[in-house]
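J.: Sequence:
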Amino acid sequence: MIKKITFLLFVFCATQVFSQDMKGLKASAARDAKAATEATLKEDFKTLLTYTHPNILDAAGGADVMESYLKTTFTQMKANGFAYEKVETKSVSDVVKEQGEYRCYVENYNQMRMKDKRIKSTSYMLGFYNETTKKWTFVEAKEMKDTGTIIAYFPDFETSLKIPENTMKMEDIKE
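All letters in the sequence shown, in the order written, are residues -19 to -1, 1 to 156 by mature numbering (1 follows the signal peptide of the UniProt record, and there is no 0).
Treat each hint with caution, since some may be false.
Stated by the list, open to error - For lysine-lysine, the following PhoX-like pairs were computed, each having C-alpha atoms within a straight-line distance of at most 25 Å:
#  : residue 1 : residue 2
1  : Lys155    : Lys4
2  : Lys78     : Lys27
3  : Lys150    : Lys7
4  : Lys59     : Lys4
5  : Lys52     : Lys7
6  : Lys123    : Lys155
7  : Lys115    : Lys96
8  : Lys23     : Lys78
9  : Lys27     : Lys71
10 : Lys123    : Lys15
11 : Lys7      : Lys155
12 : Lys96     : Lys67
13 : Lys7      : Lys96
14 : Lys7      : Lys59
15 : Lys155    : Lys52
16 : Lys59     : Lys23
17 : Lys15     : Lys4
18 : Lys27     : Lys98
19 : Lys27     : Lys4
Derived by calculation from the structure, the hints in this document are not laboratory data. All values reported here derive from a predicted model rather than from experimental measurement.
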């Protein structure tokens, strides 16, 4: 009888520790996703790139190359009347461990202005937790689907996460 009670207590404690670890990972994913979205809004590309998955940075030729590309792209977009008005992290999915790493997806709300139009969208980032640095890095989730442009940089990638589709709504600005 004592052995059964001890076993049940062990299972209960192990479940509680695992649950707390997952809650902590989810909270850190929210923290890191928020830092990434704030960096986007502030055009702080150095910070943003610290939250970009290393496979993407490697494919681009490194963080310096990617930073230069982002600066040029944002300058051109602004010249064409584009501006981010709001970017915020809305929610984080449950964290799963698959293919030897922790993953989740993050829902973001984006509000942008393009001349006389306002664009409101919901988009998703796929998060990967680096256990060494205790930090999450992200990629655009839609690009990790079979038809995505960056899936090729993640050999043998599979996930059980059911990532929702992005949504976008455009409206005229009447001022």
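J.: Please go over all the hints and tell whether each is borne out by the structure.
T.: Okay, the hints, checked on the actual structure:
1. Lys155 / Lys4: 43 Å, violated
2. Lys78 / Lys27: 29 Å, violated
3. Lys150 / Lys7: 29 Å, violated
4. Lys59 / Lys4: 39 Å, violated
5. Lys52 / Lys7: Measuring from Cα to Cα gives roughly 31 Å; hence the hint is violated.
6. Lys123 / Lys155: Roughly 32 Å separates the two Cα atoms, so the pair is violated.
7. Lys115 / Lys96: 41 Å, violated
8. Lys23 / Lys78: Status violated; Cα separation ~32 Å.
9. Lys27 / Lys71: 23 Å, holds
10. Lys123 / Lys15: 19 Å, holds
11. Lys7 / Lys155: 40 Å, violated
12. Lys96 / Lys67: 16 Å, holds
13. Lys7 / Lys96: Distance of about 37 Å is beyond 25 Å: violated.
14. Lys7 / Lys59: 34 Å, violated
15. Lys155 / Lys52: 30 Å, violated
16. Lys59 / Lys23: Roughly 13 Å between the alpha carbons, so the hint for Lys59 and Lys23 holds.
17. Lys15 / Lys4: 17 Å, holds
18. Lys27 / Lys98: Given that 25 Å is the threshold and the Cα spacing comes to 29 Å, the pair is violated.
19. Lys27 / Lys4: 28 Å, violated
Of the numbered hints stated above, those contradicted by the structure are hints 1, 2, 3, 4, 5, 6, 7, 8, 11, 13, 14, 15, 18 and 19, listed in ascending order.
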